[in-house]
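Sequences and hints are given; from them, build the entire structure.
Residue-level listing of the chains:
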Amino acid sequence: MSGKIYSKPVTFAVMATVAVLVGTAVTMAYPLVRPEMHVKVEGLKPLPALELAGRDVYQREGCVSCHTQTVRPLKSEVVRYLGSRAQEPTARYSLAGEFAYDHPFLWGSKRTGPDLAFEGWIKPSADWQRAHLENPQKLVAKSNMPAYAFLSGEKVDAPAVAASMRALRRVGVPYTDADVTAAGADVAGKTNMDALVAYVLSLGKAVNRGAPGGVDVDLAAANPLGAAVAAVARGKQLWDANGCAACHGDEAHGQDGVAPNLVDEEFLGQKGDLPDAAYFAMIKGGSEVKPALGRPGVADGGMQAFGSDLKDEDIWAIVSFLRNQKGHEATESKAEEAKEHHEAAERRAKDRK
Amino acid sequence: MTDYRYDNRTVQGFILSAIFWGVVGIVVGLLISIQMWAPGANFAPYLTFGRLRPVHTNGLAFGLGVGSIFGLSYWIVMRLCKRPLLFPKLARVQLWLFNAGIALAALSLMAGHTQSLEYAELEWPLDVAIVVLWVMFAVNVFGTIVKRNEEQMYVSLWYIIATVIAVAVLYLVNNLAVPASLTKSYHLFAGVNSANVQWWYGHNAVGFVFTTPILAMFYYFLPKATGLPIFSHRLSIVAFWSLVFAYMWTGAHHLVYTPLPDWLQTLGIVFTVFLIAPSWGSVVNGFYTVGQDWSKMRSSYLTKFFVLGITFYGLQTVQGPTQALRVVSQLIHYTDWVPGHVHMGTMGWVTMTVCASVYYVIPKIYGTEIFSEKIANVHFWLVLVGQLLFSITMWITGIRQGWMWKATDAEGKLVYRNFIDTIAGNYPYWHTRTLAGIVFTVGMLFFVYNVLMTIRKGRALERSEAPAAPAAVTVA
Numbered sequence: 001m002s003g004k005i006y007s008k009p010v011t012f013a014v015m016a017t018v019a020v021l022v023g024t025a026v027t028m029a030y031p032l033v034r035p036e037m038h039v040k041v042e043g044l045k046p047l048p049a050l051e052l053a054g055r056d057v058y059q060r061e062g063c064v065s066c067h068t069q070t071v072r073p074l075k076s077e078v079v080r081y082l083g084s085r086a087q088e089p090t091a092r093y094s095l096a097g098e099f100a101y102d103h104p105f106l107w108g109s110k111r112t113g114p115d116l117a118f119e120g121w122i123k124p125s126a127d128w129q130r131a132h133l134e135n136p137q138k139l140v141a142k143s144n145m146p147a148y149a150f151l152s153g154e155k156v157d158a159p160a161v162a163a164s165m166r167a168l169r170r171v172g173v174p175y176t177d178a179d180v181t182a183a184g185a186d187v188a189g190k191t192n193m194d195a196l197v198a199y200v201l202s203l204g205k206a207v208n209r210g211a212p213g214g215v216d217v218d219l220a221a222a223n224p225l226g227a228a229v230a231a232v233a234r235g236k237q238l239w240d241a242n243g244c245a246a247c248h249g250d251e252a253h254g255q256d257g258v259a260p261n262l263v264d265e266e267f268l269g270q271k272g273d274l275p276d277a278a279y280f281a282m283i284k285g286g287s288e289v290k291p292a293l294g295r296p297g298v299a300d301g302g303m304q305a306f307g308s309d310l311k312d313e314d315i316w317a318i319v320s321f322l323r324n325q326k327g328h329e330a331t332e333s334k335a336e337e338a339k340e341h342h343e344a345a346e347r348r349a350k351d352r353k
Numbered sequence: 001m002t003d004y005r006y007d008n009r010t011v012q013g014f015i016l017s018a019i020f021w022g023v024v025g026i027v028v029g030l031l032i033s034i035q036m037w038a039p040g041a042n043f044a045p046y047l048t049f050g051r052l053r054p055v056h057t058n059g060l061a062f063g064l065g066v067g068s069i070f071g072l073s074y075w076i077v078m079r080l081c082k083r084p085l086l087f088p089k090l091a092r093v094q095l096w097l098f099n100a101g102i103a104l105a106a107l108s109l110m111a112g113h114t115q116s117l118e119y120a121e122l123e124w125p126l127d128v129a130i131v132v133l134w135v136m137f138a139v140n141v142f143g144t145i146v147k148r149n150e151e152q153m154y155v156s157l158w159y160i161i162a163t164v165i166a167v168a169v170l171y172l173v174n175n176l177a178v179p180a181s182l183t184k185s186y187h188l189f190a191g192v193n194s195a196n197v198q199w200w201y202g203h204n205a206v207g208f209v210f211t212t213p214i215l216a217m218f219y220y221f222l223p224k225a226t227g228l229p230i231f232s233h234r235l236s237i238v239a240f241w242s243l244v245f246a247y248m249w250t251g252a253h254h255l256v257y258t259p260l261p262d263w264l265q266t267l268g269i270v271f272t273v274f275l276i277a278p279s280w281g282s283v284v285n286g287f288y289t290v291g292q293d294w295s296k297m298r299s300s301y302l303t304k305f306f307v308l309g310i311t312f313y314g315l316q317t318v319q320g321p322t323q324a325l326r327v328v329s330q331l332i333h334y335t336d337w338v339p340g341h342v343h344m345g346t347m348g349w350v351t352m353t354v355c356a357s358v359y360y361v362i363p364k365i366y367g368t369e370i371f372s373e374k375i376a377n378v379h380f381w382l383v384l385v386g387q388l389l390f391s392i393t394m395w396i397t398g399i400r401q402g403w404m405w406k407a408t409d410a411e412g413k414l415v416y417r418n419f420i421d422t423i424a425g426n427y428p429y430w431h432t433r434t435l436a437g438i439v440f441t442v443g444m445l446f447f448v449y450n451v452l453m454t455i456r457k458g459r460a461l462e463r464s465e466a467p468a469a470p471a472a473v474t475v476a
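These protein sequence lines are chains A and B, in that order.
Those letters in the first sequence? Residues 1 to 353, by the working numbering.
Those letters in the second sequence? Residues 1 to 476, by the working numbering.
Keep in mind that a hint or two might mislead.
To be verified - Covered by chain B, according to a simulated footprint, are these stretches of chain A (three or more residues, beta-carbon under 8 Å):
id, region
1, 52 to 66
2, 70 to 77
3, 166 to 177
Worth flagging that the hints you see were computed from the coordinates, not collected in a lab.
Here the structure is a predicted model, which means the values were calculated and not measured.
C-beta: ideal position from N, C-alpha, C; glycine also.
Here is the structure:
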């Protein structure tokens, strides 16, 4: 560098500008015109009105401060976020083409809570999502997430949703006039909580990441493990390790408004139990199996399929655990049960502290 | 002389404003560090972690960081150009606009108005205000430099010029958005492009707010405080040009293993590793400068601030490129390691250098000495201990949680399938982080007290020296 430029501020400023613009041109500007930066997965649609309102709430509350939205192509990560269930290998992690309408991207930079990119597949229960947002510690005792119960008291701002659609249309999201006109009716009477839940349940759904369907339901099949002590113990272990307790509770008593009790006199919303094989089918295939069991059940199809994560033998072990738990409940006197519940509640309260 | 006096008051106004917003930002930081382990501390919607985190980062980057950059750059520019600012009144207007802007920024973030782009959260009306502020700054800096009374431009001026240019380019592009209302807009870019533009901005906002202007201070105030000339002018030149050239290529290291095309990730990683060289050019220059006479560490209390500051800059610029490597990124990305890394740079390098520069400037304004060297020493040790405790704790918990996320058994099943099991073990570390924050905050309060007492001493001195003169105009 010739010494002269250090006494010529204009020349110096021009050179400094060139120096910063080279990297800018190559790594920021050039990618904007590259085809691989403008891919779109097949059938990608803009978010419907309610989900868009939910995305605005997600942004407003700074959810992106603690939750990422990209599953990286790393083995442990694909397994954790259940991308491993997808039949197409390329659907197992996040794809550029899923985010073509994301203004801005919400991938985040810190995972204080779990990644949410595939949340629509991982926790498809609206009841669970709502209950968790209202009081996270009720469902996950050791969680540090703030409570968002106040969202249930806020109505969705319908004119704002239409304005958002118009603004997004200007940056290239293909909302139609009909979408904009219908936006008000679509969100009428809905709360910000409804909107946020709808948005979260939409995450990852642009790509099919479901487990292979078609679980054969054979209600006559007996549990090969029976009531063996080892099977019950292993079942309990799997129950904890696979997060079953997060919805159905530590002892499978269920949680009000979240997930049903699995050891009472009802199953899938109707009186009367079903054989072990029905439990096996529900764990393996998730809510989709309900009609095949003759019990379409409650509206929320929140049960996820574990068929691709657990071997049949593991699933039977969980059934053994549930059956043992149920037998235990039946023989236990009402008074004992009440005492036990009280103790468990105290334990949870203590955990929270 | 009258002009010089007036400009000094604007400089002091920026410094005091920066200190004020710094205290606000640090207190908010303490609160959100408590919210990490006590969810009950999310007292109201506008005080939840999600809304307060950008108040913390923006308050410190724009309030403390940019405020002190405005003030100290003006001080440096005037001295190196041997003349007052070309537009002193404009600088005064800029000071008031700056404070109004930061106050509105904090309120709007608490109300949940955000673009969800890190360090570019502010919505478009405030973006416009920031552009106006930056133009005012640019006009005064360039105008004064063009009309200077000193032939050669010293290193610090190069870094200030580069800062003005680069921040303008970055800020304008990344904040391109289409408004839906006064408080809501949507990024012009979508998905992978939105991510790529944002991190091109995000990383270089760090580069041209937390690096180049701080280097300008370092190159100016270190020789001033120690009386030692910069070791190598040639090294300054090489380090400057390679730094400003290489920085802009590196943003994609924030997006390793995301859906961003591999070639962009790799390019970002390569330039990030290269960046060690120019960074260490300044580190070596700093060490060899003080190396001309290490006794300055004892005889001049400011020397240790600069030496520790440049040491943390050196550590930061090796740790950063290490993190960019794919094999390291896959372990520590998204964990608490990253806040640990950031806080070494901000609490170590930036705070040490800015505080030392302020300690140098404030007594000079009044032609007096610092109120108490002893308090400055206490301040030094507290922020050093607080910062080390913070960063080291976060690195440990980051690696710990990163391994728990990855741990699989012989069958390939996750050992810690429930995410909460990987969080539960963070709590003791998060408690320690709050403790570290308290130590650091107490240290900074010693600094604030010392600065305010020095100003009080200086004003008393002015009154006794010129009892007949009208009362000095105060800017705070």
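Status of each hint after checking the structure:
no.	hint	verdict
1	52 to 66	holds (count 9)
2	70 to 77	holds (count 7)
3	166 to 177	holds (count 7)
Consistency note: the structure conflicts with none of the earlier hints.
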